Amino acid sequence: MRQAVGTTGRSRWSAAAAALIVVACTLAAVLVAGCGSEADEGGGETASNGQVKADQLILATTTSVKDSGLMDDVVLPAFNEAQPQIEVKLVAVGSGEAMSMGERGEADVLVVHSPEAEEAFMAEDYGTLRLPVARNYFAIVGPADDPAGVADTESATDAMTAIAGAESLFVSRGDDSGTNVKELGLWEAAGVEPSGDWYIETGQGMGETLRIANEKQGYTLTDLGTYLAARGDLDLVVLTKESDDLANYYSVIIVNQNLHPTVNAAGAEQFADLLVSRQIQDALADYGSEELGRPLFAPNAGALGR
Amino acid sequence: MDLILEGIVEAFRLLFGGDADVYEIMLRSLWVSGLALLIASLIGLPLGVTLGLSEFRGRHLTVATVNAGMGVPPVVVGLVVSLLLSRNGMFGFLRLLYTNWAMVLAQVLIALPLVTGLSLAAVQQLDPGFRLQIVALGAGRLQAFWLLLREIWVTLLAAVMAAFGGIISEVGAVMMVGGNIRGQTQVLTTGVVEETRAGRFATAIALSIILLLLVFAASLAMTIVQQRGRRRA
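One line per chain: the protein sequences are R and G, in this order. Residue numbering for the first sequence follows my numbering, starting at 1 and increasing by one per position. Residue numbering for the second sequence follows my numbering, starting at 1 and increasing by one per position.
One or more of the hints may lead you astray.
[To be verified] These stretches of chain R come out as covered by chain G in the derived footprint (C-beta under 8 Å, 3 or more residues): (1) 52-60; (2) 88-98; (3) 101-107; (4) 148-160; (5) 199-209.
FYI, nobody ran anything at the bench for these hints, they're computed from the structure. Values in this document were obtained by computation on a predicted structure and should not be read as measured data. No residue lacks a Cβ here, since even glycine has one placed at the ideal position from N, Cα and C.
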């Protein structure tokens with residue numbers, strides 16, 4: 001009776017050879033697929049699939065923007081009404097990955113909240129236009145008993161110093177998201193290099209990170225939207241006030257079509273236009289107040305300086 | 001504990017309250033995985049059976065390759081497919097990324113080795129004497145083939161069900177190639193991830209329960225058919 005993988009010498013060699021073939025094929029497939037995906041530097045001559053698909057717009061945004069519901073509830077329906085022929089594909093990744101997609105021309109328009117990274121992105125000409133859209137605040141949340149005394153501090157930087165000093169548990173996103181970058185910036189401003197048993201990185205989204213912080217009763221930096229949505233299930237409280245050093249700025253970036261001809265720049269412009277329009281800016285100012293008791297965002301398109 | 005109970009209550013409310021969003025996600029999960037399963041079965045079942053019955057040089061290697069193929073991690077399949085379908089990728093011109101077809105494709109590629117390998121094994125488990133016997137009793141080639149299928153069809157069904165369970169529960173590949181876009185490519189598994197990430201735990205649990213119910217329903221159907229098949233034999 002023949003076995004699929006038998007005990008004879010020939011079968012064992014075949015099995016080993018087959019395993020090697022499959023691994024080699026998979027690696028080859030990844031390499032070939034990846035090679036085609038290398039960003040073409042220095043503009044223009046892409047071996048490209050050529051045409052812009054004008055009825056499709058890939059919007060890369062952050063998980064906190066998506067989770068706030070602003071896009072699905074307000075912006076996308078409005079855009080659909082204004083430009084019904086364009087199908088928007090909202091892909092929620094971190095700010096870092098969104099900008100990486102922009103670099104490769106895999107997205108047409110970005111809505112991100114990582115100002116320094118955005119500036120670097122624009123400096124490299126990966127985007128043709130960047131406009132401010134909204135503002136809200138981050139917050140440091142933590143256990144109600146507040147072992148590090150964060151509630152008594154006057155600024156976010158002081159809060160971080162206090163947490164580091166007390167070596168109280170701090171849960172970081174650790175995922176290159178806008179929130180993570182902001183957190184790392186705060187550590188830097190406080191002159192602290194966070195490491196040790198008290199500093200853990202989850203590599204995950206805000207909801208999961210909040211849940212982990214909740215389980216371990218540690219501190220974390222969060223956007224208010226996700227915190228307010230999860231508040232019912234968490235034993236964590238907001239310990240900071242809305243100060244400038246916790247400000248969270250959202251911008252829209254139009255990806256540079258000259259580097260990647262497949263980018264739907266026209267659609268991206270229409271989308272950016274809508275975001276900074278009176279209609280959306282007004283809707284944005286109010287958004288969230290019914291469910292959460294306070295608006296989640298403040299309109300920011302009018303202020304081009306900070 | 002409260003969270004779990006809340007989740008269960010929420011699940012029933014969403015299911016029986018006819019929540020449109022949840023129904024849409026559920027239906028999409030079903031048709032994407034259903035279609036992928038159909039395609040994988042149409043290719044994999046005949047392929048596996050043929051491989052099981054045939055003799056040719058390099059058969060050992062082919063069989064071993066199919067078996068090894070069963071072990072390829074679905075998320076790796078997802079990575080390869082998403083790279084190939086991306087704008088810069090070889091098949092970018094098809095503009096299939098972030099569509100349901102991309103998810104069907106990825107799931108076909110995941111299910112195909114499973115269906116092929118398991119149906120191959122089903123054939124090989126047949127007593128070789130059986131084939132000799134029916135041929136000796138005068139069965140023609142087609143008749144012999146048909147009788148053979150009748151013997152193993154329950155095991156083939158098990159192969160198909162195993163593949164279904166695998167692909168409807170898969171999350172990495174469909175997230176990468178589908179993008180989890182609400183109203184377009186969100187399925188149960190990616191929905192669970194998103195709701196968890198956003199802190200909406202009750203909804204996440206609710207979707208998980210729905211997913212579990214679907215998988216159990218499928219395996220229950222299979223068990224019933226299997227037992228009926230046994231009694232007949």
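Problem - Assertion that chain G covers the region 199-209 of chain R - criterion: three or more residues, beta-carbon distance below 8 Å - result: holds (count 5)
Handout entry: Within 8 Å of chain G's CB atoms, at least three CB atoms from the region 88-98 of chain R: coverage verdict
Key = Result for this restraint: holds, n = 4.
Handout entry: Coverage claim, chain G over the region 101-107 of chain R, checked by counting residues with Cβ within 8 Å (three needed)
Key = holds (count 3)
Exercise for the section: Three residues minimum, CB to CB under 8 Å: does the region 52-60 of chain R make the cut for coverage by chain G? Let me know. Expected result: Holds, because 3 residues of the region 52-60 of chain R bring their Cβ atoms closer than 8 Å to Cβ atoms of chain G.
Exercise for the section: With a C-beta cutoff of 8 Å, work out whether three or more residues of the region 148-160 of chain R approach chain G closely enough for the coverage to hold. Expected result: Violated: only 0 residues of the region 148-160 of chain R have a Cβ under 8 Å from chain G.
Of the hints listed earlier, the one the structure fails to meet is number 4.
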